[in-house]
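S.K.: Residues per chain, in single letters:
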Amino acid sequence: QQQVKQSPQSLIVQKGGISIINCAYENTAFDYFPWYQQFPGKGPALLIAIRPDVSEKKEGRFTISFNKSAKQFSLHIMDSQPGDSATYFCAASRYGNKLVFGAGTILRVKS
Amino acid sequence: DSGVTQTPKHLITATGQRVTLRCSPRSGDLSVYWYQQSLDQGLQFLIQYYNGEERAKGNILERFSAQQFPDLHSELNLSSLELGDSALYFCASSIGQINSPLHFGNGTRLTVT
Chain A
1 QQQVKQSPQS LIVQKGGISI INCAYENTAF DYFPWYQQFP GKGPALLIAI
51 RPDVSEKKEG RFTISFNKSA KQFSLHIMDS QPGDSATYFC AASRYGNKLV
101 FGAGTILRVK S
Chain B
1 DSGVTQTPKH LITATGQRVT LRCSPRSGDL SVYWYQQSLD QGLQFLIQYY
51 NGEERAKGNI LERFSAQQFP DLHSELNLSS LELGDSALYF CASSIGQINS
101 PLHFGNGTRL TVT
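Residue numbers (the working numbering), protein chains in the order written: chain A, 1 to 111; chain B, 1 to 113.
Bear in mind the hints are in silico, worked out from the structure with no lab data behind them.
Just so it is clear, CB atoms sit at the ideal spot from N, CA and C, and this is done for glycine as well.
Be aware that a few hints might be false.
Said to hold, decoys possible - Covered stretches of chain A, as calculated for chain B (at least 3 residues, CB under 8 Å):
#1 28-41
#2 44-55
#3 101-110
Work out the full structure: start from the sequences and follow the hints.
M.R.: Written out as structure tokens, the structure is:
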């Protein structure tokens with residue numbers, strides 16, 4: 001029940017395209033769903049987060065879509081750029097503690 | 001720069017040895033978290049401290065221990081090291097309130113030979 005399943009494992013997108021990464025969770029007690037971006041040699045950095053009382057949150061080119069009934073959430077990166085090439089992790093927790101991470105998606109944006 | 005400082009950046013040691021990883025949280029953050037990142041297990045929560053007290057425990061082995069000191073820095077002690085303990089160890093900090101964001105350091109890469 002603690003698992004967060006993330007797909008795809010890797011993704012190649014053309015510059016200017018939309019990158020979509022999906023996650024699914026089991027534990028209905030989770031109430032906080034962040035996305036992290038990690039570059040090689042660096043720690044994960046918080047991109048955007050959502051709580052289950054909203055269905056969508058947008059910050060710049062990054063949007064989280066949340067489907068509470070399906071227990072799924074996704075990250076959309078609009079107008080993807082080569083600088084977005086990184087590993088993306090979804091996560092879930094209750095009260096923001098003990099984040100449970102997905103396995104990660106390696107995104108490559110081709111110029 | 002997240003403001004979270006981890007030392008050392010790299011550590012190479014032999015099986016059976018003991019090492020200490022150090023973390024200085026962001027200024028003002030009271031909570032410290034330790035995570036292990038490996039290729040096969042991904043990012044795994046180990047333990048959380050809040051203002052010096054243990055707050056939550058995850059998949060932390062009995063050979064591992066941690067503490068948070070009065071100045072809020074934290075240390076993760078790994079003993080009787082095994083080859084499988086080779087991983088990236090991340091420290092993160094937050095102000096400690098509900099759903100406050102976690103800020104990660106750049107990690108310590110541990111290699112056990």
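S.K.: All the hints need checking, so say for each whether the structure fits it.
M.R.: For each hint, the structure was consulted:
1. Counting residues of the stretch 28-41 of chain A whose CB lies closer than 8 Å to any CB of chain B gives 5, which reaches the minimum of 3, so the coverage claim holds.
2. For the stretch 44-55 of chain A, the proposed coverage by chain B is satisfied: 5 residues have a C-beta within less than 8 Å of a C-beta in that chain, meeting the threshold of three.
3. Check result for the stretch 101-110 of chain A against chain B: holds, 4 residues qualifying (beta carbon to beta carbon below 8 Å, three or more required).
When each numbered hint is compared with the structure, no violation occurs for any of them.
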